[in-house]
Structure formats: C-alpha cells, structure tokens
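Note that the UniProt record's numbering has the sequence shown beginning at 1, numbered continuously upward.
Hint data in this document are derived by calculation from the structure and do not stem from the laboratory.
It is possible that some hints are incorrect.
[Said to hold, decoys possible] Derived DEER-like restraints, expressed as beta-carbon distance ranges: (1) 51 / 111: 27 to 37 Å; (2) 109 / 84: 29 to 39 Å; (3) 81 / 118: 25 to 35 Å; (4) 111 / 64: 19 to 29 Å; (5) 118 / 86: 28 to 38 Å; (6) 81 / 52: 24 to 34 Å; (7) 80 / 142: 18 to 28 Å; (8) 84 / 128: 14 to 24 Å; (9) 52 / 22: 14 to 24 Å.
Where a beta carbon is used, it is the ideal one built from N, C-alpha and C, also for glycine.
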Amino acid sequence: MSINSPICTSSPKISNIDQSVELLSSVSKFDLGGRCSRNGQERITFHTLTSSCQVLGLYFSAHWCPPCKAFTPQLIETYWTLKEEGRQFEIIFISSDRSETSYQTYLNCMPWLSIPYNHSTTRSSLATLYNIQGIPSLVLLSCKEKKNSKF
C-alpha cells in the first residue's frame, strides 16, 4: 500500500459490513495488544467482540509508516478516553507490516486486538473490501446498525 492522505467517506455500504463480519468471523483468535487485558482470556471470538461493543474500528497501519507512527498515539489516547467514558468501542489492528517482528513490536504499543500476522489473506481481503488506498486508515463499523465510515 502506498502512503496517501487519509480518505474520508461516510456513505453506508451495508454489503461491506456483512462481508467484513464473514471475514472477521473466520479469525479464530485475535492477538492481544501490549496493554490489553481481556479477563485473562487468550481467545476472543468475533461474536464476543461485537456483542460487547457498539462501534468497531478497523485500523489499517504499519510500523514502518511515519504518518501511522504519528497517528497511532493519538488514536490510543482517544481509545482510552472513550473507554474511561464507558463507551462500547473496540479497535482491531490490521497490519501492513513487512515482517512479523515489526508487526509484533508495533502491536505491543497498542491496547487493542489485532488480526494475527499470519492471516495475510484476511488482512488483504479487508483492505480490498474497504478500498484502502493508503495508511493510516480507520474504518468505523456500527456493531448494532449496518453502517460504516472510513477515515
């Protein structure tokens, strides 16, 4: 993926949400971020995740990307603010890193879930599904309504 300015659209694409549910449901285990605790559980299913949140963010990013490295701390701060306010909000990191070592290093600074690095087909399919042209990109999905927005 090339580095471009973030894209902002807000038109709902219901079929994309249904397809992303199918893709994300195929991930049997999400990796846990460095500061993330899920009640000691190592296995989080997509159903468990979506039943406990109202908004799900798909965060397309990479350790090697300077704009991503600048945006990630801001997103982490916003994430914790929303959590402290009791908002039902979750993020799944979708890596564009070039190695598993870079992926793991980057994930360790994030408090959210991630699609495992070895699930390259799922990561690529989600990037194609949401027409991700550059990183960082953040797609917000409503877990309760069939809407999405891409930033």
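Any hints from earlier that this structure breaks? Give me their numbers in increasing order, please.
1, 2, 6 and 8
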